[in-house]
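Sequence positions in the sequence shown follow our numbering and run 31 to 498.
Don't take every hint at face value.
[As the list claims (entries may be wrong)] BS3-like cross-link-like pairs, simulated, lysine-lysine; straight-line CA separation at most 27 Å:
{"id": "1", "residue 1": "Lys-403", "residue 2": "Lys-442"}
{"id": "2", "residue 1": "Lys-102", "residue 2": "Lys-67"}
{"id": "3", "residue 1": "Lys-188", "residue 2": "Lys-159"}
{"id": "4", "residue 1": "Lys-93", "residue 2": "Lys-496"}
{"id": "5", "residue 1": "Lys-403", "residue 2": "Lys-93"}
{"id": "6", "residue 1": "Lys-403", "residue 2": "Lys-496"}
{"id": "7", "residue 1": "Lys-67", "residue 2": "Lys-496"}
{"id": "8", "residue 1": "Lys-93", "residue 2": "Lys-159"}
{"id": "9", "residue 1": "Lys-102", "residue 2": "Lys-351"}
{"id": "10", "residue 1": "Lys-93", "residue 2": "Lys-81"}
{"id": "11", "residue 1": "Lys-168", "residue 2": "Lys-145"}
[As the list claims (entries may be wrong)] Derived Cβ-Cβ restraints for the label pairs, each shown as a range:
{"id": "12", "residue 1": "His-90", "residue 2": "Val-386", "range": "40 to 50 Å"}
{"id": "13", "residue 1": "Ser-241", "residue 2": "Asn-199", "range": "22 to 32 Å"}
{"id": "14", "residue 1": "Asn-46", "residue 2": "Val-386", "range": "20 to 30 Å"}
{"id": "15", "residue 1": "Glu-89", "residue 2": "Asn-391", "range": "37 to 47 Å"}
{"id": "16", "residue 1": "Thr-359", "residue 2": "Val-98", "range": "20 to 30 Å"}
{"id": "17", "residue 1": "Ser-197", "residue 2": "Asn-333", "range": "29 to 39 Å"}
{"id": "18", "residue 1": "Glu-258", "residue 2": "Asp-154", "range": "53 to 63 Å"}
{"id": "19", "residue 1": "Gly-284", "residue 2": "Tyr-183", "range": "36 to 46 Å"}
{"id": "20", "residue 1": "Lys-389", "residue 2": "Glu-350", "range": "47 to 57 Å"}
{"id": "21", "residue 1": "Leu-40", "residue 2": "Ser-417", "range": "23 to 33 Å"}
No wet-lab data here; the hints were simulated from the structure.
All values derive from a computational prediction rather than experimental measurement.
For every residue, glycine included, the Cβ atom is placed at its ideal position computed from N, Cα and C.
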Amino acid sequence: MTDKEQFEALSYKRRNAYEVMGEAECSDMDALCNEYKSFLDAGKTERECVKESVRLAGEHGFKNLDEVSSLKAGDRVYKLNRGKNILLAVIGSEDITSGINLVGAHIDSPRLDLKQNPLYESCDTALLKTHYYGGIKKYQWTAIPLAMHGVVYTESGKKIELDIGESENDPVFCVTDLLPHLAADQMSKKMSEGIDGESLNILIGGVPVKSEDVSEKVKFAVLKHINERYGMTERDFQTAEIEVVPAFKARNVGLDESFIGAYGQDDRVCGFTTLKSILDLDAPKKTAMAILVDKEEIGSMGNTGAQSAFFNMAVAEIAEKLTGACTVTQYNKIIENSVCMSSDVNAGVDPNYESVFEKKNASFCNGGVVLTKYTGARGKSGSSDASAELVARLAGIMADNNVLWQTGELGKVDQGGGGTIAQYVANLNMEVIDCGVPVLSMHSPFEITAKADVYMAYRAYMAFYKDC
Numbered sequence: 031m032t033d034k035e036q037f038e039a040l041s042y043k044r045r046n047a048y049e050v051m052g053e054a055e056c057s058d059m060d061a062l063c064n065e066y067k068s069f070l071d072a073g074k075t076e077r078e079c080v081k082e083s084v085r086l087a088g089e090h091g092f093k094n095l096d097e098v099s100s101l102k103a104g105d106r107v108y109k110l111n112r113g114k115n116i117l118l119a120v121i122g123s124e125d126i127t128s129g130i131n132l133v134g135a136h137i138d139s140p141r142l143d144l145k146q147n148p149l150y151e152s153c154d155t156a157l158l159k160t161h162y163y164g165g166i167k168k169y170q171w172t173a174i175p176l177a178m179h180g181v182v183y184t185e186s187g188k189k190i191e192l193d194i195g196e197s198e199n200d201p202v203f204c205v206t207d208l209l210p211h212l213a214a215d216q217m218s219k220k221m222s223e224g225i226d227g228e229s230l231n232i233l234i235g236g237v238p239v240k241s242e243d244v245s246e247k248v249k250f251a252v253l254k255h256i257n258e259r260y261g262m263t264e265r266d267f268q269t270a271e272i273e274v275v276p277a278f279k280a281r282n283v284g285l286d287e288s289f290i291g292a293y294g295q296d297d298r299v300c301g302f303t304t305l306k307s308i309l310d311l312d313a314p315k316k317t318a319m320a321i322l323v324d325k326e327e328i329g330s331m332g333n334t335g336a337q338s339a340f341f342n343m344a345v346a347e348i349a350e351k352l353t354g355a356c357t358v359t360q361y362n363k364i365i366e367n368s369v370c371m372s373s374d375v376n377a378g379v380d381p382n383y384e385s386v387f388e389k390k391n392a393s394f395c396n397g398g399v400v401l402t403k404y405t406g407a408r409g410k411s412g413s414s415d416a417s418a419e420l421v422a423r424l425a426g427i428m429a430d431n432n433v434l435w436q437t438g439e440l441g442k443v444d445q446g447g448g449g450t451i452a453q454y455v456a457n458l459n460m461e462v463i464d465c466g467v468p469v470l471s472m473h474s475p476f477e478i479t480a481k482a483d484v485y486m487a488y489r490a491y492m493a494f495y496k497d498c
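Produce the entire structure from the sequences given, and follow the hints as far as they go.
In structure tokens form, the structure reads like this:
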């Protein structure tokens, strides 16, 4: 063996997915990504993602756990939590106390939420006040078409589901921005201060009523419109849950169409591949579960976040319906013998901003799914840090199933960082590692992923369910 051959045998070199995929795999990748784009368009909010997941689960033979009295190997069930979480399970042939293989993703994304008293009139226009949700660059949310999604309960108890701005015939909404001719003061500020949070107000109307009996004529016209169209009054905003998101659809990006551009790919790219893998799973040895959660972008708090007891309760219910009874000891064995892939995205190296990445330990688009041993910020704060035993075990599974994977960190050590749901799963005394797709323009209204990485994420979760 020459020195060159020995060096190549001993060293690690990152590979591009298109160097290892054949025509059949590329065809499978394109089919998967077409499904993924449809999922993105159907699920602009966490409620809509769960609704679409239930529809797909029904098509793949899953039943509502609440309607099932007992379980056996091969059964396929799902459980809902307040319309914002869903857990899906395929019961394995092994005793459930040998552990479960869990893949967990979040389905909330940064956005603008309407305030509880949003509607006001100014300068002969009607606007809606918002409070942004999650970590955003506020300037990215101005001067783009926006859609309105949500749930309203009127005083009479009627439920209204809003979806305005997605159809070609719908109006869209917008946060206006200042023209450059008058923006000298604005443009002299730091980027984080150029747009104030209280200025992210949605333009909703401009035609006044023809009446001298009211002072706020445009606001009154808007109130009349929503009352005639939806039966709403202004008070109904106080109990509503209305989210404002980009109005554009998921699209192929690049002349070679190798990328996908869309809103909400953090973390719906992992949410979809997690869902798709368990829908396609058949007859696993260990019980397989997938969970899609809410509130990750604001700390995973609340009864629909990863820190809620929903997962624990669902596992206990499944164990009881499998065994007839589930003791504390049995439940503890289930958890401590379980393994979780926290399916969340990583930051792909952006060729326009290479300086914030430590490229030897960063993820690249088309480099495959990313195994992220630890997340957190600076001194790994807020990370669970997966064990060497787990990483080696999963690396072997990836190799055995020809899944292209890479490692990654979220930027240079002192540059920033971020967290996922992994730490909360680890707190249950479960083995866990982050595993997901590299993303460009993360947390922007139009995020970018590589189709090959989406495909490898799906392949990784399938391999994990079957072989871990």
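Is it true that the CA of Lys-403 sits at most 27 Å from the CA of Lys-93?
-> 35 Å, violated
Pairwise beta carbon distance, Leu-40 to Ser-417, judged against the given window 23 to 33 Å = 25 Å, holds
Does Lys-159 lie within 27 Å of Lys-93 when you go C-alpha to C-alpha?
-> 41 Å, violated
Do His-90 and Val-386 keep their Cβ atoms within the hinted range of 40 to 50 Å?
-> At roughly 41 Å between Cβ atoms, Val-386 and His-90 fall inside 40 to 50 Å, so the hint holds.
Straight-line Cα separation of Lys-102 and Lys-351 no greater than 27 Å?
-> Holds, at roughly 8 Å.
Taking 27 Å as the top limit, are the C-alpha atoms of Lys-67 and Lys-496 close enough?
-> Status holds; Cα separation ~26 Å.
Range hint compliance [Cβ, Lys-389 to Glu-350, 47 to 57 Å] = 50 Å, holds
Pair hint outcome, Lys-188 versus Lys-159 [Cα-Cα no greater than 27 Å] = 24 Å, holds
Quick one, are Lys-102 and Lys-67 close enough, alpha carbons at most 27 Å?
-> 34 Å, violated
Taking 36 to 46 Å as the hint, is the beta-carbon distance of Gly-284 and Tyr-183 inside that range?
-> The hinted range 36 to 46 Å holds for Gly-284 and Tyr-183, with Cβ atoms some 44 Å apart.
If you draw a straight line from the CA of Lys-168 to the CA of Lys-145, is it 27 Å or shorter?
-> Holds - the C-alpha atoms of Lys-145 and Lys-168 are around 16 Å apart, at most 27 Å.
Could you see if the CB distance from Thr-359 to Val-98 stays within 20 to 30 Å?
-> Holds - the Cβ-Cβ distance for Thr-359 and Val-98, about 25 Å, lies within 20 to 30 Å.
Against the hints set out earlier in the document, violations occur for numbers 2, 5, 8, 18.
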